[in-house]
Amino acid sequence: DVKVTQSSRYLVKRTGEKVFLECVQDMDHENMFWYRQDPGLGLRLIYFSYDVKMKEKGDIPEGYSVSREKKERFSLILESASTNQTSMYLCASSPRTGPRAFFGQGTRLTVV
Amino acid sequence: DQQVKQNSPSLSVQEGRISILNCDYTNSMFDYFLWYKKYPAEGPTFLISISSIKDKNEDGRFTVFLNKSAKHLSLHIVPSQPGDSAVYFCAAISLKGNNRLAFGKGNQVVVIP
Chain A
1 DVKVTQSSRY LVKRTGEKVF LECVQDMDHE NMFWYRQDPG LGLRLIYFSY DVKMKEKGDI
61 PEGYSVSREK KERFSLILES ASTNQTSMYL CASSPRTGPR AFFGQGTRLT VV
Chain B
1 DQQVKQNSPS LSVQEGRISI LNCDYTNSMF DYFLWYKKYP AEGPTFLISI SSIKDKNEDG
61 RFTVFLNKSA KHLSLHIVPS QPGDSAVYFC AAISLKGNNR LAFGKGNQVV VIP
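Protein chains in written order, with the numbering used here: chain A, 1 to 112; chain B, 1 to 113.
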């Protein structure tokens, strides 16, 4: 069974901390994505990656960066966490030809 | 600018009846349309998809209808079950473009036993 695994289900961090969210997929997918989900705003794309060491900004990249050193792993970095980054973060992967994306279980991040 | 729109944020339906979720899009270059289901504190799971060259796709209790001229699709769930209570996201993708899914804001469905 295909799997996208996010390193934490729940995370509480302090304002100003550097936060790392890790995501690993076992499907040899080329594409990987980071979304955040907020009530009434749906799923908003933060960053995505087509290949190792490649990254593209999504719709809301401010305050975030990403790293993809290996094909199976895509990391989201909050450089200096702020309370408005409290959210549900979702990682996804898809094959180069699409169309279906597979999601991880999500990380509920609270910044206090 | 939102390319995929889901109006009527929430829907309540009696168990056994039909649930109909609607989705509108603006980009005529989309190749595929997908529906995802999401429970609280879990990631979205794929439900059903339809190619832009088709007008209907059915999988068990779930049917998706596509009206390209109206840039509109709908998801029908028949019969609705309590386990269908979730948030449903409509998504679309252009495989000739940047291969990223554009999502709507979601519809909350509550199925009343």
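Read the hints as simulated data drawn from the structure, not as lab findings.
Any given hint could turn out to be false.
Calculated cross-link-like contacts (lysine-lysine; reagent style BS3-like; alpha-carbon spacing at most 27 Å) [to be verified]: (1) A/K57 <-> A/K13; (2) A/K53 <-> B/K96; (3) A/K13 <-> A/K55; (4) B/K54 <-> A/K71; (5) B/K96 <-> A/K57; (6) A/K70 <-> B/K56; (7) B/K5 <-> A/K57; (8) B/K54 <-> B/K96; (9) B/K96 <-> A/K55; (10) A/K71 <-> A/K55; (11) B/K68 <-> A/K3.
Not everything, but these chain B residues come out facing chain A in the computed CB check (under 10 Å) [unchecked claim]: (12) Q2; (13) Q6; (14) Y36; (15) R61; (16) F62; (17) R100.
Quick reminder that beta carbons are idealized off the backbone N, C-alpha and C, glycines included.
So, going through the hints one by one against the coordinates:
For the suggested pair A/K57 and A/K13, the alpha carbons sit about 24 Å apart, so the restraint of at most 27 Å is met. This hinted pair checks out: A/K53 and B/K96 have alpha carbons roughly 22 Å apart, not beyond 27 Å. At most 27 Å may separate the alpha-carbon atoms for a hinted pair to count; A/K13 and A/K55 meet this at roughly 25 Å. For the given pair, B/K54 sits about 34 Å from A/K71 by alpha-carbon distance, which is inconsistent with the 27 Å threshold.
About 18 Å separates the Cα atoms of B/K96 and A/K57, which keeps this hinted pair within 27 Å; it holds. Taken as a hint, the A/K70 and B/K56 pair is broken in the structure, with Cα atoms around 39 Å apart against an allowance of 27 Å. Our distance criterion of 27 Å between C-alpha atoms is met by B/K5 and A/K57, whose separation comes to about 22 Å. For the hint linking B/K54 to B/K96, the alpha-carbon distance of about 18 Å falls within 27 Å, and the restraint holds.
At roughly 18 Å between alpha-carbon atoms, B/K96 and A/K55 fall within 27 Å of each other, so this suggested pair holds. A distance of roughly 12 Å separates the Cα atoms of A/K71 and A/K55; the hinted pair therefore holds under the 27 Å criterion. This hinted pair does not check out: B/K68 and A/K3 have alpha carbons roughly 33 Å apart, beyond 27 Å. Interface hint at B/Q2: satisfied, since its Cβ lies 9 Å from the closest Cβ of chain A, which is below the 10 Å cut-off.
The interface hint given for B/Q6 holds, since its Cβ lies 8 Å from the closest Cβ of chain A, which is under the 10 Å cut-off. Restraint check, B/Y36 versus chain A: the minimum CB separation of about 8 Å is within 10 Å; hint holds. The criterion of a C-beta within 10 Å of any C-beta in chain A is not met by B/R61, whose closest approach is roughly 20 Å, and the hint is violated. The beta carbon of B/F62 is not positioned within 10 Å of any beta carbon in chain A (closest approach about 15 Å), and the interface hint is therefore violated.
Among the interface hints, the one on B/R100 holds; its C-beta lies about 6 Å from the nearest C-beta in chain A, closer than the 10 Å criterion.
When the structure is compared with the earlier hints, violations turn up for hints 4, 6, 11, 15, 16 and for no others.
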